[in-house]
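In this text, residue positions in the sequence shown follow my numbering: the first is 64, and each later residue adds one.
In short, the hints are calculated from the structure, not lab data. Any given hint could turn out to be false.
To be verified - Listed below are the simulated EDC-like cross-link pairs for lysine to aspartate or glutamate, each with C-alpha atoms no more than 20 Å apart in a straight line:
1. K152 with E80
2. K78 with D100
3. K68 with E142
4. K78 with D93
5. K68 with D93
6. K152 with D102
7. K152 with E131
8. K152 with D93
9. K152 with E126
10. K152 with D100
11. K68 with E80
12. K68 with D100
13. K152 with D104
14. K152 with E132
15. K78 with D117
16. K68 with D117
17. K78 with D158
18. K152 with D117
19. K68 with D158
Predicted model, so just to flag it, every value in this text is computed and none were measured.
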Amino acid sequence: MPTVKFLEFDGSEHKIEVSVGTSVMRAAVDNGVPGIDGDCDGQCACATCHVFVDSAWLPQTGERTPTEEELLGFASATEPNSRLACQIKMTNALDGLVVRMPAGQH
Numbered sequence: 064m065p066t067v068k069f070l071e072f073d074g075s076e077h078k079i080e081v082s083v084g085t086s087v088m089r090a091a092v093d094n095g096v097p098g099i100d101g102d103c104d105g106q107c108a109c110a111t112c113h114v115f116v117d118s119a120w121l122p123q124t125g126e127r128t129p130t131e132e133e134l135l136g137f138a139s140a141t142e143p144n145s146r147l148a149c150q151i152k153m154t155n156a157l158d159g160l161v162v163r164m165p166a167g168q169h
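Just need the whole structure built from these sequences, with the hints factored in.
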């Protein structure tokens, strides 16, 4: 089963096994990772699952959708590697994915 490493702003790490096809947001919420709320339950209608994808993994996570791009406009402190975790679906190719949470999400 592939894994994701979530890095909190303070450096705390959470390594989670995630079933293929599950969103990174769902994995965080189901495992109590602080800083990922998923208020819209993964419907790409909020930005409470904003993460920064480690640059080594950015190409494998795919492009932002127009809706995701728009919602990231409401998130604080976005960066070029900002993504909504609900829009990243786990695959075996993403095994070892590293994401970090912004300072304002904890």
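Hints versus structure:
no.	hint	in the structure
1	K152 with E80	holds (13 Å)
2	K78 with D100	holds (17 Å)
3	K68 with E142	holds (19 Å)
4	K78 with D93	holds (13 Å)
5	K68 with D93	holds (14 Å)
6	K152 with D102	holds (18 Å)
7	K152 with E131	holds (14 Å)
8	K152 with D93	holds (15 Å)
9	K152 with E126	holds (12 Å)
10	K152 with D100	holds (17 Å)
11	K68 with E80	holds (9 Å)
12	K68 with D100	holds (17 Å)
13	K152 with D104	holds (14 Å)
14	K152 with E132	holds (17 Å)
15	K78 with D117	holds (14 Å)
16	K68 with D117	holds (10 Å)
17	K78 with D158	holds (11 Å)
18	K152 with D117	holds (16 Å)
19	K68 with D158	holds (10 Å)
The structure shown violates none of the earlier numbered hints.
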